[in-house]
Amino acid sequence: MSLLSVHNLKKVYTTRFGGNKVEALKNINFSVEEGEYVAIMGESGSGKTTLLNILASVDKPTSGEVLLKNENIVSIKESELARFRREHLGFVFQDFNLLDTFSLEDNIYLPLVLANKKYPEMEEKLEGIAKTLGISDLMKKFPYEVSGGQKQRAAIARAMITNPDIILADEPTGALDSKSTGDLLKIFEKIHKSGQTILMVTHSVRAASNAGRVLFIKDGEIYHQIYKGNMSSDEMYRKISDTLTVLLAGGDLHE
Amino acid sequence: MNKSLYQKLAINNIKKNRNTFLPFTISNTTMIAMFFMLLSIRDQASMATFFGGNTMHTMLNLGVWICGLFSIGVIYYTNGFLMKRRKKELGLYSILGLEKKHIGKVLFWEIALVSAVSIIGGIFVGMLFSKLMYLVLLNLLQVSSNLVFSLSIKTVGTVVVIFGAIFAVTILYNNVRLMFLKPIELLRGSDEGEKEPKAKWIIAIMGFVCLGIGYYLALTTQNAIAAINIFFIAVLFVIAGTYFLFMSGSIVFLKLLKKNKNYYYHKTHFITVSGLMYRMKQNAIGLANICILSTAVLVVLSSTVSLYLGLDNVMRTFYPSDIMTDYVYEPEQDAIEGNNYIYDNQLITEVFQKQAELNHVTVTDAKGYYNLSIVGNIENNNFTEIDSELSSFEDIEVMTLEDFVNEGYIKADQITLQDNEALLYSRDKTVKNMENVNFLDSTYTFVEGPVSKEADNLSRDTYTTAIMVVKDLDNLKDIRDQVNAIEIANGGEAKESITYNYECNLTGELTDKMNYSNGLRDAINNAGIPHVATVSDIFTTRQEIVGLYGSLLFIGIFIGTMFLMTTVLIIYYKQISEGYDDRRRFTIMQNVGMSKQEVKTVIKNQVLTIFFLPILLAIVHIVFAFDIIRKMLALLNLTNVTLFVECTIGTIAVFFIIYAIVYILTARTYYKIVEMD
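Each protein sequence line maps, in turn, to chains A and B.
With the working numbering applied, the first sequence has no gaps in its numbers, which climb one by one up to 260 at the end.
With the working numbering applied, the second sequence has no gaps in its numbers, which climb one by one up to 1267 at the end.
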């Protein structure tokens, strides 16, 4: 049974004064297995962000269902959503989304605090995660005192600390320089190896080539997918690049 | 680019930024309206001639100045806020290719439009309400007036010129500021991280110490006259304490909360505490200002309201009756001159009545009585001369039983007095329990009698300690001689004398009453009643005091309203601008699993604290200052504590309600801003 499965997902935006309807997602179907590392690629306007927002339960689809551990997140009540997000999902954003009024430590604690966890329990959890991510020494620092890569690592720690079923990452390397991107991808690989399910939306071929599977989305539909299998990251990189070229050219990829 | 484009842009901007432009326009309109009203009322008052008009004119003039200067400050502040808020927007314009002079033109049109609306609206509202306000003022001054209230073009002109100039300077200022800004600076938001404030223990402790000293001084002052000087010192300490506490005490307190991990890591505390810490750092001075100004307004308003409402009480302690006359009773002198004159109630009453008919008023509550005031100390039942230090003394009013009965303080059949017997009535216990009092060579024994409570009215001023009732005029003369003998024995002069008093109330028109009083002395002299000492009436003094207190109250309410409006405006703006800054933070928190309900709770906590902290501290200040203010008011003869309590509570309540309404509006707007996606 899949950890996450998406069936017939459709999202139609209506412009404010009626009339024009824009189909952001036409008919999306896919599933993610437990422990998988999936990247979603697509151009701007392809519907990636809409898809991610729906998976993150921030937005509601027009029709279709999203099952996370057999629970349809589309039908979760508004009042339950916050709790649901806290318990099952972890988020990593392009611009880190750390609160600059909190130290890194407090930023990471935030979801646990919202879940009413006791301090000693939180402290214990943080210790292990901070060590894995190599930010143990930075805990008392504030976001404006550390580098972008360090901020993103803190953001990952914040996403992981609740032991979420799945981590949703939105362009996690988008705001990082090349070296930090490399470090970060290594970290993603490391946590993936430890069993964490990751779903990442990205523009970056380099980031996507690290994933176990890449989904391509175009005009609101899943257009193609590539499994990494036994390929090396370099081979994967090339394959993704080729696919993107075809995608851009508008050709047909169904083999 | 053509002209109408700038105007269109300006109008568009105003519409888009109505969250900030609307309060700006409303506050400007209100201030212009108030200024207009004060100005036209002042000019009107300078034409009117009535009692207290002079005092009023001075007060109004002062009010006009305060109002004007205040307006400048507020416009400067709110404009600065507007500009800061829109830095990014202006930066975008310059990126889009508008030159600074073009942006300047847009800015010009914005302020020009807003100021035109404000000035026209302000004058319109001012015109609508100035007559009403004038009537309110006349009513406060208790002047019945059939004066015609006219608005002058001159007033309109003055307002247009003054505020036109203020806005022109504002536009100029904005453009000068624009010139010195680089587009990149305009674009850059205020997103840069800000350091967490440090806890400054010493300043926090100093704050508590200053506040403690101030409160201690206010609470322990016994002497009413010393109270004035001490009050001033206490106020300085409290002001310093307030600033220190807001600057540092608040942060120290929050840091302590943060240190307590079990408290801090709780879903609402966590965000509230850290949010407030930054809030307090940015707003400490502003909040301290609000606290001190609120305290000042509340103190001034509550004391002027109680002085004004307590006016009749105060006046009655000076003038128990509307018309008071007294005559020196000098039987010895008269005897030498051969006319043994005993004051005849009948004759004086006739004079008073005739005078009343002449002036179309009616005499009520007329009464005549003899009295003798003796001042001295009583030790071991011996009446001695007053000691030079005046630290404590007895002021005893001596009167005859006949007069006492006539005034209804005791019934004739309830008591008989022999020579050298006296009835003592006093609220003071030490005097009450005495059995007799010895003068130089006569002793008066006190007897008990069922004296009516009304006799309290006889304690004319706060100093009278006892009423002593003796058998007749001969006894009164005896006491006078005794006291004079004591004074002569001590090397002083015989200065005590018995007076005959005749007083009454009048009903009728004020002018008639005053005419009555003005002609009274002549009427008495013409009737051949001898030794007239003073003829006084309550009206003139009352009118002057009403004029003073009434205009004080009027100005107080006016300036108080204006201040309250400004305070809430400033807080509103602060909250709104923080709302924009907080928007991102709350979005993040919702993403990591904070529910809307929790966001609401946290926002409520934060806004509530920022709003009500200054007011709560102001109320604490007032509670501690209450006693010392009461003592100072007692110097002005306002001894009605209940009235002062009621006025204070009432003022605070009104202030609080208005404040709370603005709080609700602000919290709502703030929430909308934060929630906007």
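A portion of the hints provided could be inaccurate.
Claimed, not checked - With a straight-line cut-off of 16 angstroms between C-alpha atoms, the simulated EDC-like cross-links for lysine to aspartate or glutamate are: (1) B/LYS1085 <-> B/ASP1102; (2) B/LYS1190 <-> A/GLU70; (3) B/LYS849 <-> A/GLU110; (4) B/LYS849 <-> B/GLU786; (5) A/LYS146 <-> B/GLU786; (6) B/LYS785 <-> A/GLU128; (7) B/LYS849 <-> A/GLU128; (8) B/LYS785 <-> A/ASP105; (9) B/LYS1186 <-> A/GLU85; (10) B/LYS605 <-> B/GLU679; (11) A/LYS198 <-> A/GLU85; (12) B/LYS871 <-> A/GLU129; (13) B/LYS1186 <-> A/ASP105; (14) A/LYS82 <-> A/ASP100; (15) B/LYS851 <-> A/GLU126; (16) A/LYS31 <-> A/GLU83; (17) A/LYS122 <-> A/GLU110; (18) B/LYS1061 <-> B/GLU992; (19) B/LYS851 <-> A/GLU110; (20) B/LYS851 <-> A/GLU85; (21) B/LYS1085 <-> B/ASP985; (22) A/LYS145 <-> B/GLU786.
These are computed hints drawn from the structure, not numbers from a lab.
Does B/GLU992 lie within 16 angstroms of B/LYS1061 when you go C-alpha to C-alpha? At roughly 8 angstroms apart (the allowed maximum being 16 angstroms), B/GLU992 and B/LYS1061 satisfy the hint.
For B/LYS851 and A/GLU85, compute the direct alpha-carbon distance and say whether it is at most 16 angstroms. 27 angstroms, violated
Is the straight-line distance between the alpha-carbon of A/LYS82 and that of A/ASP100 16 angstroms or less? 29 angstroms, violated
Are the Cα atoms of B/LYS1186 and A/GLU85 separated by 16 angstroms or less? Holds, at roughly 10 angstroms.
Is the hinted pair B/LYS1186 and A/ASP105 satisfied, with a Cα-Cα distance of at most 16 angstroms? Given that 16 angstroms is the threshold and the Cα spacing comes to 21 angstroms, the pair is violated.
Hint check: A/LYS122 vs A/GLU110, CA-CA at most 16 angstroms. Holds or violated? Within the cut-off at roughly 15 angstroms; holds.
Is B/LYS851 close enough to A/GLU110, meaning Cα to Cα at most 16 angstroms? Holds. B/LYS851 to A/GLU110 sits at ~13 angstroms (cutoff 16 angstroms).
Would you check the hint for A/LYS146 and B/GLU786, treating anything up to 16 angstroms between C-alpha atoms as holding? Given pair A/LYS146, B/GLU786 holds - Cα atoms ~11 angstroms apart, limit 16 angstroms.
Hinted pair B/LYS1085 and B/ASP1102, Cα distance within 16 angstroms: Since the Cα atoms of B/LYS1085 and B/ASP1102 sit roughly 37 angstroms apart, the hinted pair is violated (cutoff 16 angstroms).
CA of B/LYS605 to CA of B/GLU679, is that 16 angstroms or under? Answer holds: B/LYS605 to B/GLU679 is near 14 angstroms, not above 16 angstroms.
Distance restraint between A/LYS31 and A/GLU83, which requires alpha-carbon spacing of 16 angstroms or less: 25 angstroms, violated
Does the alpha-carbon distance linking B/LYS871 and A/GLU129 stay inside the 16 angstroms limit? 32 angstroms, violated
In the structure shown, a violation is registered for the earlier hints numbered 1, 2, 6, 11, 12, 13, 14, 16 and 20, in ascending order.
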